[in-house]
Amino acid sequence: MATFAKSTEISSRVRSAANAWLVSCIIVGGISGAYMLYQLTSVGHAAFNTSSDGVNWGLPIATYVFFALTSSGLSMIASLAMVFGFKQFYPIVKRCIWLAIITLASGFAVLAFELGHPFRMLWAMPTGMQVASPMFWMGVFYTIDLVLLIIKFYLIMQDDWHSNLSKLIGVASFVAVILASGMLGLLFGSVAMRPMWFGSFTSIYYMLTAALCGAAAIVVTTYMAFDFDNRNMPDELRALAESDQLPKVFATLIGITLVMIVTRMWTGLWSNLDGLEGFHVLIRSPLFWIEFLLGLVLPFWMMLQPGMQVRMQPQMIAAFLVLGGMFINRYEFIVSGQVVPMFKGTWVNSLEPYFPSTTEWAMAIFGLAVALGGYAIGEKLFHLSATPNHTTQNKLAGAAA
Amino acid sequence: MAKWGMVIDLEKCTGCQACTIACGMENSRLPGEHWQDVIFFQEGEYPNAEIKWFPRPCMHCENPSCVAVCPVRATYKAEDGQVLIDWERCIGCKYCMIACPYGVRFYTEEKATYGGPNMKDVFKSEDAHSWSPPWKMPQEDWKHGVGVQPHDVVSKCTFCFHRVSKAPKGTVDFDPQNPATREYTPACVVTCSPGARFFGDLSNPNSEVNRQIAYKNGVRLLDHLGNKPQVYYLTGEGGSVPATRSLKKI
Chain A
210 MATFAKSTEI SSRVRSAANA WLVSCIIVGG ISGAYMLYQL TSVGHAAFNT
260 SSDGVNWGLP IATYVFFALT SSGLSMIASL AMVFGFKQFY PIVKRCIWLA
310 IITLASGFAV LAFELGHPFR MLWAMPTGMQ VASPMFWMGV FYTIDLVLLI
360 IKFYLIMQDD WHSNLSKLIG VASFVAVILA SGMLGLLFGS VAMRPMWFGS
410 FTSIYYMLTA ALCGAAAIVV TTYMAFDFDN RNMPDELRAL AESDQLPKVF
460 ATLIGITLVM IVTRMWTGLW SNLDGLEGFH VLIRSPLFWI EFLLGLVLPF
510 WMMLQPGMQV RMQPQMIAAF LVLGGMFINR YEFIVSGQVV PMFKGTWVNS
560 LEPYFPSTTE WAMAIFGLAV ALGGYAIGEK LFHLSATPNH TTQNKLAGAA
610 A
Chain W
4 MAKWGMVIDL EKCTGCQACT IACGMENSRL PGEHWQDVIF FQEGEYPNAE
54 IKWFPRPCMH CENPSCVAVC PVRATYKAED GQVLIDWERC IGCKYCMIAC
104 PYGVRFYTEE KATYGGPNMK DVFKSEDAHS WSPPWKMPQE DWKHGVGVQP
154 HDVVSKCTFC FHRVSKAPKG TVDFDPQNPA TREYTPACVV TCSPGARFFG
204 DLSNPNSEVN RQIAYKNGVR LLDHLGNKPQ VYYLTGEGGS VPATRSLKKI
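Residue numbers (our numbering), protein chains in the order written: chain A, 210 to 610; chain W, 4 to 253.
No lab work stands behind these hints, which were simulated from the structure alone. Everything numeric in this text was worked out from a predicted model, so none of it was measured. Take every hint as true, because none was put in to throw you off.
A few chain A residues that don't get close to chain W, going by computed Cβ distances all over 10 Å:
| # | residue |
| --- | --- |
| 1 | G242 |
| 2 | F293 |
| 3 | L355 |
| 4 | V356 |
| 5 | D369 |
| 6 | L377 |
| 7 | L467 |
| 8 | V468 |
| 9 | M469 |
| 10 | W479 |
| 11 | L496 |
| 12 | W498 |
| 13 | W570 |
| 14 | I586 |
| 15 | L590 |
Here are some, though not all, of the chain W residues that point toward chain A, as calculated from beta-carbon distances under 8 Å:
| # | residue |
| --- | --- |
| 16 | S68 |
| 17 | A71 |
| 18 | V72 |
| 19 | R76 |
| 20 | A77 |
| 21 | I94 |
| 22 | Y98 |
| 23 | M100 |
| 24 | I101 |
| 25 | Y110 |
| 26 | E112 |
| 27 | H154 |
| 28 | V156 |
| 29 | T247 |
Idealized CB from N, CA, C, for every residue including glycine.
Using the sequences plus the hints, can you model the full thing?
Structure representation (structure tokens):
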């Protein structure tokens with residue numbers, strides 16, 4: 210009875226935290242979405258600051274990449290328990306999968322508003338079958354990923370964690386997410402005429418930084434669900450939150466990202482190759498240093514300190530900083546890769562300036578509100594802290610009552 | 004099956020930009036949306052600095068990266084070697100613009116390039132066209148990217164597909180001086196007063212374009228990228244094309 214009472218009390222706290230988030234997201238998403246729609250219907254895509262003469266892909270694409278990769282990362286974190294058997298991660302699996310669905314949907318929503326003819330894509334891609342295009346495969350793999358995520362979530366809702374089907378879907382989903390995030394990297398990595406992106410490194414970079422974003426997102430959202438208070442958490446989840454397991458994974462991923470950023474920067478600054486001048490712009494940009502020092506180095510240091518690893522506040526701060534840093538990273542990666550102009554005309558600048566328009570900012574905020582709002586809905590409706598044991602306990606408690 | 008190609012003799016080119024204007028008029032282009040542009044650049048430093056230039060149409064590459072990246076096959080290589088866009092398939096993702104090394108592609112929905120009024124607002128379209136210019140080309144063929152384009156698609160030079168595709172079968176050289184081929188010749192070639200442009204069949208060893216390339220050592224822009232343009236430049240003694248894209252503003 211005591212377990213049941215505690216569970217009910219926790220559920221009500223979770224719901225009230227989720228309600229607050231949902232209301233905020235509806236307000237913010239409603240305002241930004243309305244502004245964006247007004248601009249897109251009255252001005253069209255000319256409301257963007259992108260141009261044929263300079264930066265073709267701007268903040269909306271960076272936002273899409275951020276969400277798509279965060280979704281991939283969340284799937285990867287869920288796979289720690291579902292595929293690789295690290296049982297201590299079970300308490301975050303369901304939340305990871307729901308968040309992966311929602312962040313991917315947010316990414317797709319932002320992309321749909323960025324594209325000229327998003328609905329045309331639905332028939333033109335399958336009838337075109339351009340298998341040489343990385344974007345074609347990205348679409349295929351992310352669609353498979355989304356379908357598998359939905360099936361996986363449905364199975365968990367049915368309390369099916371360990372059946373053969375569940376395991377098969379788990380493995381297939383992991384493979385799909387590796388292919389999807391890798392393909393998103395190859396979308397940039399395939400184009401030799403954009404040397405800042407070119408190479409298979411971009412694919413690896415996207416996969417590993419996806420995992421980092423996933424780890425950061427799950428830390429933030431788990432605490433968010435329990436109103437930033439460990440005491441509200443179910444025992445299993447609190448045990449995970451107060452252990453150094455997830456922070457260790459987190460610190461390792463930040464470390465790998467730092468190594469990749471430094472090595473990429475080195476080759477970029479060192480080489481005289483035409484088109485790499487963007488690295489010199491990047492290193493002079495204050496945004497890059499905010500991303501590097503505040504968004505990666507500081508959280509890395511924090512997550513290496515034994516005293517900080519197991520405490521909620523440092524974990525939260527580190528995760529927030531990483532998410533912010535990685536958002537800047539996606540933006541800078543995409544924009545700096547385009548600042549060296551192609552042969553556009555005499556009046557072309559030596560390096561292209563770009564700053565997102567209000568509409569582009571509104572799209573990014575809209576995407577964030579959709580992601581957080583969708584997450585809050587999941588928290589209200591689906592009991593995202595469920596685990597194989599917890600679900601069984603609940604059932605027993607329910608039967609006893 | 005022909006393989007249409009262009010040769011531009013930079014020794015003859017005066018940089019007058021008549022080709023840019025002719026292309027704009029022929030293809031109903033917006034100001035600034037120069038499918039055919041002339042790029043001026045600086046070589047050397049004071050006191051030995053020189054201004055050079057080269058016209059830049061679409062290169063209609065043999066290995067077009069824009070075609071390979073298009074997720075919906077909206078951009079494609081036509082039978083006779085032109086790289087074209089089907090405006091009824093294009094989803095406006097701009098990936099082709101990212102993958103084109105020559106910057107020859109233009110997205111319709113953008114802020115006006117020049118400081119002046121936005122022509123799309125001045126000459127608003129009442130139908131699916133992105134704008135309604137006061138004078139427009141009589142031909143319209145969205146499957147081949149010809150005419151005034153619809154909203155939210157990418158556009159580019161077609162090698163004047165609407166003219167060239169009507170040429171009698173077996174045409175090898177398009178000579179604007181020859182009344183038999185003049186009306187089929189691309190507008191930029193017809194208008195070029197110093198006769199710096201040649202258009203013809205690269206697959207025919209006896210074509211004028213092949214003769215020019217062989218006699219005057221034709222070169223291709225950014226050849227190291229492997230796209231193999233079907234536009235060649237004859238640099239001779241006076242002309243040159245830049246080896247890199249890091250152009251200085253002049």
